[in-house]
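Going down the list, the sequences are from chains A and B.
For this note's numbering, add 177 to where a residue sits in the first sequence, where the first one is 1.
For this note's numbering, add 77 to where a residue sits in the second sequence, where the first one is 1.
Derived from the structure by calculation, the hints contain no laboratory data.
This structure is a prediction, so every number in the text was calculated from the model and none was measured.
Some clues are possibly wrong.
[Said to hold, decoys possible] These stretches of chain A come out as covered by chain B in the derived footprint (C-beta under 8 Å, 3 or more residues):
| hint | stretch |
| --- | --- |
| 1 | 181 to 194 |
| 2 | 276 to 286 |
| 3 | 616 to 626 |
| 4 | 857 to 863 |
Each residue gets a CB set at the ideal place from its N, CA and C atoms; glycine is no exception.
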Amino acid sequence: MRIFFATHNKALKAEAQKLRHSGMVWLCLGAAAFIPILMTIIGFNMPWDSPVDERWNKVIENNLQAFTGFFFPLFVVIMMVRLVYLEHRSDTWKLVETQPVSKAAIYFAKWEIAVLISLATLLALIIFGVIGGYILQWGKPSLKLDQSSVDWGRIARIVSRYWVASLGIISIQYFLSLLMKSFAWPMSIGLIAIIAGSIFTGFGVLNWWPWAATMYTTQSYDGSISGQYFMAHEKISLLWSALFLWLGYQLYRRKTFAMAFFRPVSNLFLALAAIGVLALIIWTVNKPIQLSRYEATVIAGELETTTPVSQITLLRPPLMDTVLNIPVKDKQFHARVNTALPAGMYYLRAGNNRVEIFMGDKDSVYVNWKIEEKGSDVKIAGTRLAENAYLKQAGGGDLSYLVEGAYRQTPPEFARSVMSEWKDGVDRMTKFKTVDRIRPAEDFIALQKKLLSMRLLSIVNVEYPKVHAAYYPNEDLKYPKSLDKLKADGGLNAPELASFANYRGYVRSAARQQAGANDSIYFNVIRDSVNDPYTRDVILYEAAQETIFRMKDSLHRNQTMARILGEVRDEKMRVKLLEANERANNLQRGKKAFDFQAVSLNGKDMRLSSLAGKYVVLDFWATWCVPCKKETPYFEEYAQRYTSEQIAFVSLSVDEDKQAWRFDANYKRNKRVLQLLAKDENGKMSEAFALNTIPRFMLIDPKGNILNAQMPAASDPEFESILQKEIPSLSRFQ
Amino acid sequence: MSFAIETKNLNYAYGAQKVVNNVSLQVPQGSIYGFLGPNGAGKTTTIRLLTGMLATDDDNIFIHGQSLKKNMPMIFKTMGTLIETPSLYLHLSGRENLRIIATMRGLPYSRIDDALATAGLSAAAGKKAKQYSLGMKQRLGIAMALLADPDLLILDEPANGLDPTGIIEVRELLVKLNRERGKTIFVSSHLLTEVEKTCTHIGIIHHGVMRYNGTLAEMKASAYQSAQVIFRIPQANSWLEQIENRYPAVKHQGADEIILPANSREEVSQINRELVEMNVPVAGIQLHGGLEEWFMHIIDQDKDKQIV
């Protein structure tokens with residue numbers, strides 16, 4: 178050991194001297210320059226859709242990602258084979274090993290040189306990337322590279338991750354080169370292993386394959402979401418590196434494979450033990466983990482807003498009862514929840530912004546919440562990190578396609594597609610893991626399974642039988658036994674899912690499918706299929722809300738409401754339903770319209786009452802609402818056609834992203850239409866107008882009274898008829 | 078007496094084949110030790126063992142009385158080695174090759190020019206080693222072994238590939254290093270004449286077994302012990318009885334030849350003189366045996382019949 182340290186620097190210096198004229202510098206520079214040259218040429222020709230303030234980072238990122246996919250591991254293999262071959266070529270091992278320098282120093286010095294060359298190549302790539310960026314900026318000023326800057330902290334981190342990912346390849350190739358003493362064999366093995374690695378990476382499997390590590394780093398470029406510096410495959414690369422560095426040293430020290438690992442037999446056991454221990458550690462590092470619950474229920478996090486917020490509120494859906502108010506100090510918040518919190522969906526509200534999170538008792542959830550003009554950016558960590566990540570990426574893939582093509586299928590065929598959908602769905606839940614390899618907890622998976630089975634069952638029990646009856650009227654519908662697996666999971670009664678909007682939606686749509694247009698049957702089906710009183714109340718409550726606002730006639734509405742109030746026991750809900758009924762009645766013709774607040778494109782504060790004296794044709798829309806945008810040309814055409822002092826055509830956006838609205842409203846929209854952005858404080862306007870869906874069109878008279886709160890879509894010919902009928906000056910067009 | 082190299086029952090086998098068998102060497106300090114044996118005798122394996130290139134579990138090699146195994150690698154400070162073909166970084170120049178040795182040994186680079194001059198490579202110092210002739214490579218190898226000015230040089234076939242002048246130069250260099258700077262030189266060769274011309278001590282190895290170990294003078298003495306002289310005498314039969322009286326060891330061979338043992342050249346002329354005095358008509362004298370014969374004789378023996 179003492180001799181190792183005494184002679185290490187000499188060995189390292191000698192290694193450096195050996196690199197002269199070896200072509201290593203050119204290999205390194207060539208490898209590092211190749212991709213930046215390509216990327217600069219591509220940069221002139223490709224469309225740059227990344228935001229301007231991210232462009233410099235993008236330049237570097239493009240280089241790194243293109244380089245590390247295949248070239249970097251290949252370079253490492255070539256470099257390592259070359260370094261060792263320098264000694265094999267005329268057996269200079271016997272020269273260096275008869276010098277007063279420790280063998281370990283010789284062995285490790287060579288490894289260190291390889292590791293340094295790997296780092297130097299990455300750094301050279303960055304330098305060439307920066308040069309390429311300047312060339313791009315000079316040749317294509319429209320890129321506006323000078324308006325952004327490089328986030329060097331981020332680059333340093335990703336470069337260090339790539340570097341660590343290369344260490345496994347370095348040590349293994351070192352070992353192979355020592356063992357095979359040739360150029361071609363370790364080279365070929367490395368090349369084949371890299372190709373295998375790129376295939377593995379493509380399929381997202383075998384992330385422990387050392388030659389795939391850099392590619393996996395590219396795949397998880399943004400890194401951990403749970404605050405870890407290195408990803409699992411990078412830690413595994415380090416472990417491979419350590420193991421093969423040790424195995425390689427044994428081989429080097431004892432010269433032959435047999436001497437190193439078979440004689441005496443204890444060496445074999447030692448090597449096998451080392452490999453076994455490593456395999457075990459790799460397995461442990463790589464194993465998806467499920468986080469365990471915390472000792473208390475805690476919500477904490479940081480909140481970044483443009484306007485200061487003093488508290489945030491934890492809400493329980495669907496009624497949005499306040500569970501807890503949490504004070505925000507210096508943009509931080511932290512609170513213990515002392516009431517029972519069954520695992521499910523909850524909301525956090527800050528001002529007008531809300532985020533949905535999954536949590537429950539004994540969870541510690543950390544919310545990193547940025548509210549900007551263009552909307553919310555939320556990162557959820559803590560014990561429910563994986564669950565919330567799953568919900569974010571899973572989305573609501575609609576399964577109605579199963580029914581759409583179902584007329585071509587016999588019941589057994591249909592059952593097969595349902596079961597395959599079930600299997601895929603379960604696979605998605607059970608195999609899901611975050612970049613940090615964290616899996617959702619079992620309770621969450623059980624809930625998601627139940628949701629899926631419920632959705633599939635409503636297709637099986639309600640939707641497909643209709644299709645079947647229509648196409649094969651003379652045949653009885655008989656499902657194969659395979660579907661029983663789904664049915665075993667129970668019917669629509671699932672109180673544990675009460676907080677999931679899609680659960681409540683499934684129950685309602687299953688009931689609607691059975692009831693058709695008959696509201697009375699609709700409510701009966703809901704009442705009969707959900708046993709849990711609270712859950713039943715909640716679903717009835719939502720069904721009622723949806724129904725009463727559809728009704729045009731207040732008498733009919735009041736009757737329906739009386740019928741529902743007969744079913745709903747929960748006092749709070751009964752009160753809210755009565756209020757809703759009143760609001761719905763208030764949207765009747767002749768009632769005073771809610772005097773909403775808004776801001777115009779030139780920043781002026783407006784209200785509905787500012788337009789008093791004019792007929793107001795309201796178009797509720799948002800930049801993200803595709804159906805709304807389809808209506809826009811029709812709406813604008815009426816604005817063009819019926820230009821008049823007495824009529825105001827108003828497009829009232831409900832966007833949160835002010836910039837997106839300003840852009841859309843400014844550049845794409847017709848100037849005859851007054852563009853306003855609603856200031857929907859505490860959702861009062863949405864509530865008053867029962868704005869459950871958009872697009873929505875409304876007509877208000879010059880006194881601010883409602884003429885029609887539920888106009889047909891602008892593309893509907895009826896829309897124009899209503900305008901002509903209600904607005905006297907337009908009657909001549911009739 | 079202290080030995081520069083001493084081995085005690087050195088053994089090495091490649092698989093089942095034993096290539097070094099109980100070799101005990103004793104190389105006195107200040108000697109030029111010729112390690113002689115035909116190709117494949119185990120010379121290079123022995124040298125690889127002496128330089129720690131081959132690892133064994135035994136601790137039976139001593140350099141200047143110190144265990145090689147226990148003192149590696151620092152013991153190499155006192156050793157310069159050249160094993161088989163010279164190991165050079167072919168992509169580097171002669172000077173750069175020497176610089177690597179200087180770096181690893183912590184020597185001042187100023188020595189490099191001297192070493193190049195000693196090896197006669199000053200003019201080719203900047204040339205890449207791959208452009209060197211075999212002889213230049215060999216000389217560079219020797220220069221690298223000499224760079225640290227070590228007390229002990231272990232050289233494996235240093236004359237290999239050199240032209241006659243080169244061979245003489247190396248020979249003179251070794252003798253000079255030994256005489257003027259007191260270096261112990263262990264040099265292997267398969268050429269008896271080479272060894273005879275430079276060495277003070279000789280060891281002969283064959284089939285992995287040491288067949289001889291001693292000084293050059295002792296070797297010469299024992300070589301002539303087995304020498305025989307053939308005297309060509311017409312009708313030797315008629316003189317045989319008379320000669321037998323004087324030399325009982327005489328043997329008759331064919332019609333016209335007799336054979337007598339002779340231990341030295343002086344003895345041959347003495348016998349000749351006496352035969353002439355006896356009026357024996359000596360028609361010719363042929364020396365049969367000597368160093369070469371003796372060497373061939375030694376390496377032809379079966380393993381169990383060792384001389385020494």
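Practice prompt. Would you list, in rising numerical order, the hints stated earlier that this structure does not obey?
Written response: 3 and 4
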